[in-house]
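Taken in order, these protein sequences are the chains called R and L. All residue numbers for the first sequence refer to the working numbering, where the first residue is 93 and numbers rise by one. All residue numbers for the second sequence refer to the working numbering, where the first residue is 12 and numbers rise by one.
These are computed hints drawn from the structure, not numbers from a lab. All the pointers check out, no bait thrown in.
Straight-line distance between alpha carbons at most 25 Å, and here's what the computed BS3-like set of lysine-lysine pairs gives:
id : chain 1 : residue 1 : chain 2 : residue 2
1  : L       : 235       : R       : 324
2  : R       : 290       : L       : 227
3  : R       : 329       : L       : 234
4  : R       : 325       : L       : 235
5  : L       : 121       : L       : 423
6  : L       : 370       : L       : 121
7  : L       : 227       : R       : 324
8  : L       : 235       : R       : 329
9  : L       : 227       : R       : 329
10 : L       : 227       : R       : 325
11 : L       : 227       : R       : 232
12 : R       : 290       : L       : 234
13 : R       : 497       : R       : 515
14 : L       : 234       : R       : 324
15 : L       : 234       : R       : 325
16 : R       : 167       : R       : 156
17 : L       : 370       : L       : 332
18 : R       : 496       : R       : 515
What you are looking at is a predicted structure, and each value in this text was computed from that prediction instead of being measured.
One letter stands for each residue in the lines below.
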Amino acid sequence: MKQALLMLGCWLALWSTQTMAETETTPSYEDLLIELTEANLNTTQPILEQIEATEHPDVLVLFKTLLDGNLNFRKADQALISIIDINGTDQYTEFSTGTAIDPLGRRDVTKIRVNNNLRNYLTSAIGRLQLTSPNPELRKAAVLSLLDNLQPSTAAELTRLRTEEDNRSVLASIDLALAMYSAESGDSTAAKITAIDKLSESLEPSARNLLFSLERDAEDPAVQDAATEALKKIDGKVTFYGYVDQLFFGLSLGSVLLLAAIGLAITFGVMGVINMAHGEMLMLGAYTTYVVQLLMPGYINYSIWVAIPAAFIVAGLFGILIERCVIRFLHGRPLETLLATFGISLILQQLVRTVFSPLNRRVAAPDWMSGSLEINPVLSLTYNRLTILIFALIVFVALLLIMKKTALGLYVRAVSQNRDMAKAMGIKTDRVDALTFGLGSGIAGIGGVALSQLTNVGPNLGQAYIIDSFMVVVFGGVGNLLGTLVAAFTLGIANKFLEPITGTVLASILVLVFIILFIQKRPKGLFPQRGRASE
Amino acid sequence: MTLKPILQGLTFAVASTVLSTAAIAEDPIKVGVLHSLSGTMAISETTLKDTVLMMVEQQNEAGGLLGRPLEAVVVDPASNWPLFAEKARELLTQEEVDVIFGSWTSVSRKSVLPVLEELNGLMFYPVQYEGEESSRNVFYTGAAPNQQAIPAVDYLRNELGVERWVLAGTDYVYPRTTNKILEAYLMDLGVAEEDIMINYTPFSHSDWQSIVSDIKTFGSAGKKTAVVSTINGDANVPFYKELGNQGVSSGDIPVIAFSVGEEELSGFDTSPLVGHLAAWNYFQSVDADANYDFIDMWHAYIGDEDRVTNDPMEATYIGFKMWVQAVELAGTTDVDAVEQAMIGQTVANLTGGTAVMNKNHHLSKPVLIGEIQDDGQFEIVWQTAGVVPGDAWSDFLPGSRMLLADWAPPLKCGNYNTETGTCSGTVY
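I would like the entire structure built from these sequences, with the hints used as guidance.
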């Protein structure tokens, strides 16, 4: 009976909000929560608006839980349950009391669904609720989340808050919001134009969108002109930052090419072994990252530091194994080496397929590699690319030091320049060969760790990079590490500047054609090896 | 059907590829499975191979078909399109299978088609595709463009008010044809040419920085912008990663995908993608008992609670059930008889409602639109009121507007031209 009455009450409340709007007494917070469990996507927003209006202290937490998709209800009694994933296990909590409860079956709970419209509403509602938050970051985010939906009431609220605000970056965003408000609905043309002038300093996309619509729809031609003027000014800056962005993309692609090719610069460049299984060394490095993450769940942020040496060792050992078992018997027979290593690459791919399944494996990104470094609203550098760019340079310098400053480096250079003479001087060439191949493969393994953060970790990972790697090494000049560096970045930047003009496919074709022509002209690449060794 | 003893011996000799399911009391009915188990499409197709094997096992537990056991014959065309034709020929001539379940990409289907028609085989194709085809020897249990692409665009226009469109796809036949249809459709609706941006990338593309940045620029012109993605295979993972990293949120620029399902999302962390969309005829998150039963059956079969189900799996399930019913109705596995018995077959969808096989060899199915959630599942935000019949020939392309597929007598034609009243006979 009680339940039936409750149902009836809810029905009435729902009906009244939709049709007659607030002729009856406003329902309580608790009633609204029950309504929320009965609503569908189209009827949820009015209920949320009423919930916001109750100003109940739990509203912020409720909205956040809902926005995160963690709010559910128990089918039996319509009680709200939050289900939060903590390290892979679901934590069930009764929302109203905050007490933890036993996990429920998936048929016993229903999720309260949100779509993009509701998500937009929730974001701006959370913005409104957080305008007075003590954390300036949150206050600023709150103001920015309001930009697309400026009401007279929010403008009044912002004007009031402005007098109390002392954080400069929050003040700037409030000023922007107020300027946007008066540009759109200011009292006079002069006020609007002043506001538009202010907006021309901003790169915020919302401000640009507003200017576009003013340029198109404003009734006053003076306002339209001002908007056009402001847009011109903004566009100039946007174009400039666009080029900066493209340069960064190019450097980033270059760093990926460098990581992929640098190991090959040792095995192919220095040792002269055409190693078709080089891509698979990258793949082994990427899979090592995956296995390391499996072994240390809950420590994803640190796993990468374990993965780097692990990948070096795994790929390096495989490299030594391949050198000892196959390549050393094929010295001076490049065609047979090519075929043999191609066979090895197929074997390694199939090995991975059998061990890990043919499906791609999921490698999680550490938190500090997600998201982007926002320099201004139109220029942001993604952290993962930035990290990999720096990482590639560190690896390069380390390798250069090994080759120039250590005994191993000296032996390697000696053997690659004149094998017989080096042997006569007492260098164990067999040992040096194995170690060099191991070093090249190990470095490729480290490259694989970086690639696992950018691309799919699957059996075919290596295939995608083998051609590019050879291209970089040949273009840079075989046997020259610095050439590899320059070639990688040149090709990366050329590719990224061509891409917007020609499209992805044509850009790579053009780069390839360019390299073919270049090699015709200078067969030894950008920085040819000098001296007798190169003969 | 009698098998030559030699051939039977051979079948057992290659036991690694042949999974015999029951002691052969009678000649088994052979079910060919033609899905890539290696190469770039293995990510998607391996699951479908397992689905067919599961259905075969289930059918055998229920007493087989026509009193005979079913036997699955699995081959691996290795994501190599010409190899699909060779393997199909092998299945039909050497293994003498009665039906084939297979293919994912349109290019592999196009490669198999001539073989099927030459040898009069029967194939069930379980994936959403670009339409513009209706073969007598193929049943299309995935969505045609009017069951996926067109409703998705309507949703974006009507519910989200999108005015500016990015059509991004992988560079091959399915995305190109679909985008051609969508472009014509959008133009019909009065969308200006400068409000449409079309972009193609190769298979397994991994460096999405500049494309995502272009999309951001395209989307900051003061009009609501959406991306319609026909990006296929594993290129989606880096694409969505880049979207997340560059901060393209679903609130600003929603991406609606036609080739991204639960299986593809299980490859990565979906929290930055929450709110991006996909259009399918099935989602694992559908709250229906038939669906829960299917998921439980799948988990029991595969032995892993974390494996997901997806739309092509449902399409395989429906296709298999329909084939079983049609064979029972026809009383034989003869292709001609089964083909006629298939038309009009009905099977309950996992999402509720009933799928019907139409005369054009396409299904009537409901269309669902879902938003990606942080657990890799989809929340259904919109669905059609009833089922939508699949349209083999698009109404929005000038060349196919007047074509009609109808395999029931008296027409029996895959591309009947309603203007000239002729049947050209070629379908590929």
